[in-house]
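Q: The listed protein sequences derive, respectively, from chains A and B.
What the first sequence shows, in this note's numbering, is residues 8 to 550, in sequence order.
What the second sequence shows, in this note's numbering, is residues 23 to 331, in sequence order.
If you are wondering where the hints come from, they were derived from the structure by calculation, not from laboratory data.
A few of these clues could be false.
As the list claims (entries may be wrong) - Cβ-Cβ distance ranges computed for the label pairs, FRET-style:
1) A:Arg-404 <-> B:Pro-233: 16 to 24 Å
2) A:Gly-27 <-> B:Glu-276: 56 to 64 Å
3) B:Arg-50 <-> A:Arg-404: 26 to 34 Å
4) B:Leu-191 <-> A:Pro-115: 47 to 55 Å
5) B:Gly-181 <-> A:Gly-27: 53 to 61 Å
6) B:Arg-165 <-> A:Ala-280: 54 to 62 Å
7) A:Arg-156 <-> B:Leu-310: 50 to 58 Å
8) A:Ala-92 <-> B:Leu-45: 42 to 50 Å
9) A:Asp-159 <-> B:Gly-181: 33 to 41 Å
To be verified - Only part of the chain B face toward chain A is listed, based on derived beta-carbon distances under 10 Å:
10) Ser-115
11) Glu-219
12) Ala-225
13) Ile-226
14) Thr-232
15) His-239
16) Asn-243
17) Pro-247
18) Phe-307
19) Val-309
20) Leu-310
All C-beta atoms, glycine included, are put in the ideal place defined by N, C-alpha and C.
Here is what each chain is made of, one letter per residue.
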Amino acid sequence: MADASPVLAINGLTVRLPRGSDRPHAVEDLTFSVGAGEIVCVVGESGSGKSVTAQTVMGLLPRELSIGAGEIRLEGEDVAKATPARLRDLRGTRMAMIFQEPMTALNPVMTLGDQIAEVLEIHTDLSEADRRQRVLQVMRSVHLPEPERLIDVYPHQISGGQRQRIMIAAALVLDPALLIADEPTTALDVTTQAQILKLIRELQERRGTGVLFITHDFGVVADIAHRVVVMQSGRVVEIGARDEILRRPQSPYTRMLISSVPSLKPPVRTPNAGVVALATERLSKTYGGRSLIFRSGRVVRAAENVDIVVRRGETVGIVGESGSGKTTVARCIARLIEPTSGVIRIGDVDVARLPESRLRAHRKHVQIVFQDPYRSLNPRRTVGASIIEGPVNFGMREDEARSRARELMRLVGLGPEVLSRYPHQFSGGQRQRIAIARALAMEPQVLIADEPVSALDVSVQAQVLKLLDSVRQRFDLAVLFITHDLRVAAQVCDRIAVMQQGLVVEEGPTADVFRAPRHPYTRALFEAAPGRLAEFGAPADAA
Amino acid sequence: MSVEALPAEIAEVAPAARRPGTLRIVLRNPSVLIGATIVAFLAIVGVVAPWLGTIDPAEINPVFRNKKPGVERTIRGDDGKETAFVHRFGTDSLGRDVYSRVVYGARVSLIIGVTVAVLSVAVGLTIGLIAGYIRWLDGIIMRVMDGLMAIPAILLAMGVVSLSRAGLLAVVIAIVIPEIPRVVRLVRAIVLSIREEPYVEAAITVGTPTPLLLVRHVLPNTIAPLIVQGTFICGSAILIEAILSFLGIGIPPETPTWGNIMAEGRSLFRIHPHNIFYPGVCLAFAVLAINMLGDGLRDTLDPRFAKRV
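Pulled out of the complex, with its shape left as it was, chain B reads as follows (with noise of 0.2 Å):
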């Protein structure tokens, strides 16, 4: 017994529409796209720092401590050439050129932004599916997390680094534990609702087994709001990372940083603002990017923000 052919007008399905890829409607919101603009020139400048002009960030000289921007001084080269090097931003109280470790404060912080984004989404992700599918393990690790969120994120990262040398990975740690638990409640939230989806349920009466139908099924779904949410991250620890320094608790302070730039400035701020001024120019600058960026992506990424037609 044969399955009687269907009338044509039914069976026929409407040709593919080529819809613009994701990539071009994102890059056509203003914000983004000014964001972004922003992001890549610090990353540029970052990468290309030794070729900018600068000298050794971290070289003392006793001579030029304090000086104003603009100043000129004469650099005795290896071959005993002499050249004439401008201050532009002017040198801190060690007579550190500014504008070299402004320029070289960019790799630390865009470094920092990044890792951090990457580890929490990465670990948040893993727990967050986990606690939104396997409904025992649920409970205890919300708990845990809640628990952690109790903890001031300042105060948390101070911990970590006092119980630890201080050095790039212990902040990085420090940043990334107080900022899991927000990852973990936006994919667990995300699992939840979608868990709920016939095509979940389908995919389980075919037999899917457990972890494929987490990767196959419930994790793109995640992925939209993950890079919204990784962008805020970022941002927030580039931020973090300064205040730390700010406090003396981060970076070591010989390694340029923007929190640390300003650290050091600090005592002299009345006489010398140029020692905190670039540093907060740049991290203000920074931060703003990155969240516009952000808030972009979550226009047209969030499905709850995206314009519909």
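In isolation and in its complexed conformation, chain A is listed as follows (with noise of 0.2 Å):
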């Protein structure tokens, strides 16, 4: 697809890593082009090299990386060998990138319209009145609302998928012929993910400019690609246009990443008919309000009224955006934060309102396992040591319980020498099933999993579902599986409650939901899951 003289061609590409790392090349011999007019996604799993190729392109390469050989032309030049002025020249005029943080990509202390009109400061003679109307024309071409009012607002006063929209108004602003987005909807939900998508491809439609899209999530890559890239340890695997890549993969890495990523189709499901493990009976968490001190603030309603019921062997999911109030529910049944008012049963004992001295002997009966796998082991203990905490805080005795974690280990697919080792010594899939096995240890009834997978890659993630699932049964766990990813709902859960604002807009079986959402919300939510037409693959249950 790719014409006579495409925006961006990369020949031949290498970008050397400092030595010591764990290999020679963050991105070797790379070569593919992106045409005008064209969304070319390049799609790899962490440390493939793919925000490595962004950067380079850029000319925004951290120091201790080198380019080694190759060429990128940008419009026929070579902007490998530009001087750092000329690159300074080209990017915002021919070239601009966007970056996945736009929380922390704007300028805190800068009103949006001076964000915007930076650009312009910098590249053109623009006087200030003809760069005021420029930035309000911009503006209202990716959608913002009231414009006049933005321009003069600051980057804490509007929603992510806002600011999202002013980083990329800021890059068309000069309209360049290549836009780099690297993981541009990553950190937003997925309503504003679907706005933000869209308005990426109006725009690229309308001025006709060649984007190179960096994302990890083939349901994006489904939804706006035109061709695909997909990389591997900083090789190129895979080229080809979108149908043929997410159809008819031909290398088996590409067929095993997209035959990872779970269907939006639940499973058919029996029900449960277990007993009950865990239920929340008008579950609230209030925050602000009351103070002695000061007039009652700003109430925030974290979550209000929620009634959740897990049975052993079930695994119920709650489903929402950031904000929803998940998280909190989540934390409150595991005592982490005070709810403020409700019940909480686990088993016949009623947890809400226990005071920490008795609350004690109920916490092992609920354990958590938490989304950053990299934070949720202590840096400076051995694995070993961190799963026997429990435990023996329970007054088992250590070489029991150490003996118990080496099972363990092996029941997570860890070796049982690993127990020695410090957590920095694992990747976040292993780490996280360390985590899993730290929560067992206990032997609780509850699981709570917050997030577990979504800090991790496709590939890995259906691995520790698929252990997640086995622990499930092999222990008949009550499972509560917090999560925003609904196509992994739709394969891990039971039963789902939808959450919007700290309050359960919908609850059902998973299958039922997802048939037939019946609550606004939900169905705005689905509509919004990206790549939702798209079918990869084979389906996720390779069972």
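Given two chains presented individually in distinct reference frames, assemble the corresponding complex, making use of the accompanying hints.
A: Here's what the structure looks like:
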């Protein structure tokens, strides 16, 4: 599809890593092109070199990395050999970049208008009044509401999605030939993500911009890409048109990646009639309000009247966007925070009001697996020490706890010899296995999994989900699964509860909710799911 | 039902990488090396003071008052033998040997510096851990600390010293009290950020009792910043002791400390500058070396300053 003169042509690009790294090159012998009006998605797992590619094109490589060989032609000009001054000229005018984190990509002490106008100030000699006109115009083109008001406000006053729109406006104000988007929607909620993807597609069609879109999400690829470049460990594995790659992937690696993407179609499940292990009744958590000294401030109802029942051997999902209160519910149940009102029944005991001294005995029944495997293990303690900590707290002898830890390590697919290692020696997926082992060491009845696979690559994600499922069966666990990812929820959960702004708006068996969502918010959520119309490879449950 | 075996490549764990020890990384820093060398030199000087050609630093000799450096006199020993003695740094207005007093002064200065650093870090750490972890005590403790910080350190020290008999212990306490709030604030800030870490929350869910939780999971994170802070406290304590002694409210004047020597030489400063010059130089070098050590430690130990690869 690439026409005669592509906007961007990368030819045999090699980027060297500093000595002592795990491999000699961040990117090796990379060749692909982006045509005018074309969206090329670069897909890969972490460490595949996709972000380094984007940085190299923009001339933003960290100092430790250097270009070893190859050329990068932007409209025919080799930017790999361009001087820093020339690169500065090109950035903003001929190529522009938007970043993953719209929070940090904007300067908090500059108004939105000034940040966009800065590009114009540097690269054009428009008068101040003209600049303002151009800024308003570009803000309108990215569909920001009330541009006349927003032009003078500061970044913290607008939402994440609006910030990303500002970033796009600033990138496109000078009509660059190439737009590089490095995971631009990863930090956004699904509904916002859908809007931003639509916006990028619309602008790119209208202006004929070539887009180099970096992502790890095959759903996004299915929605937006014309062509796809699959990367692994710095090398291109496969290049092809979107439908070719998604439907008929040639290389085994691509096939593995695509088959790891969970399907949005929930499998048939038999309803569980086991014993109720966890039940909340009208559980609420309110922040602010009552204060002894200050007049009551803003009251935030993080969770309101949440009723959730989880039976033994069952996985119940709480699905929602950021700020919906799903993590608040999880933390209340684990009693990491104190609920404002309501009942939390673990077995037959209401733990919502128990003081810490009496709570301790019940803590072992509820265990939690956290989202970020890099922070959930104490970096200064060995894996073994982390795992036996809980059982020893409850009076188990240390050698007994250790032999149990060895068993558990085998169970989660790591050798018993890793007990003497420190967390930094493990990958994210391995650490998540260790975190699961730590939770299991307590022999809990309820396992709370708070976004346990969100920080993991898609192939690792599938393995951890499989592990969670097998330990649920083996120990007859009640699993409360918190996630924002509908695909994961569809595959893992027997029942789901959809939360919005602290309220459970819909609850029911997963298959029913997915087939016929009743609440408008649930419907909006499903419609926003990236790649919902595309079906990837084989059904995800490979069993 | 058993858990199926996982692919071997996934279960494979990276080999245990040998990272160079913290001590070696720290010693690679030039300012740590220079600072530590000077501090070590002063410490050795203080310890072996009696064998460095000194005489009793408190011995008064009315005949040899206010002599310039390099003056020679004879000393009659107990057995009646006479030996020649050179006043390398001259003598003060009571005829005491300035060289001996400066060398012995290193003892007092370093003892005060180290004691103050250790005490204020220990007390501050305890209070800081409590303030950072027990929410309802936080407000009360921190307001008390704010109050302490509002009183000028020298004024507070003068108050403490005048309430008790002047002496080493009173001076140490006087310097420790105003340093404590700084340590408390530092520790509290670290605790507040660490207590949000998932691994601390994981420890709570496995039922770790609070005191054990603090010692095991929170405390280790404060050690590196406290070593750095402790070094700076050590430097400033030496300085404050010298100031207090110079003002005449510190260690009793017969005890040789750098501040006392300078205070003694103050009145004749224009005619006999050596009396202030030598202890002044020692004081400046000691504080400079300790601060260099602290800067270097901060660069290597504090994650906010440490170079990442």
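Q: Work down the list of hints and note, for each, if the structure agrees.
A: Going through the hints against the structure:
no. : hint                                : result
1   : A:Arg-404 <-> B:Pro-233: 16 to 24 Å : 22 Å, holds
2   : A:Gly-27 <-> B:Glu-276: 56 to 64 Å  : 60 Å, holds
3   : B:Arg-50 <-> A:Arg-404: 26 to 34 Å  : 44 Å, violated
4   : B:Leu-191 <-> A:Pro-115: 47 to 55 Å : 50 Å, holds
5   : B:Gly-181 <-> A:Gly-27: 53 to 61 Å  : 57 Å, holds
6   : B:Arg-165 <-> A:Ala-280: 54 to 62 Å : 57 Å, holds
7   : A:Arg-156 <-> B:Leu-310: 50 to 58 Å : 56 Å, holds
8   : A:Ala-92 <-> B:Leu-45: 42 to 50 Å   : 45 Å, holds
9   : A:Asp-159 <-> B:Gly-181: 33 to 41 Å : 54 Å, violated
10  : Ser-115                             : 57 Å, violated
11  : Glu-219                             : 6 Å, holds
12  : Ala-225                             : 7 Å, holds
13  : Ile-226                             : 6 Å, holds
14  : Thr-232                             : 8 Å, holds
15  : His-239                             : 6 Å, holds
16  : Asn-243                             : 8 Å, holds
17  : Pro-247                             : 15 Å, violated
18  : Phe-307                             : 36 Å, violated
19  : Val-309                             : 33 Å, violated
20  : Leu-310                             : 32 Å, violated
Hint violations for this structure: numbers 3, 9, 10, 17, 18, 19 and 20, all remaining hints satisfied.
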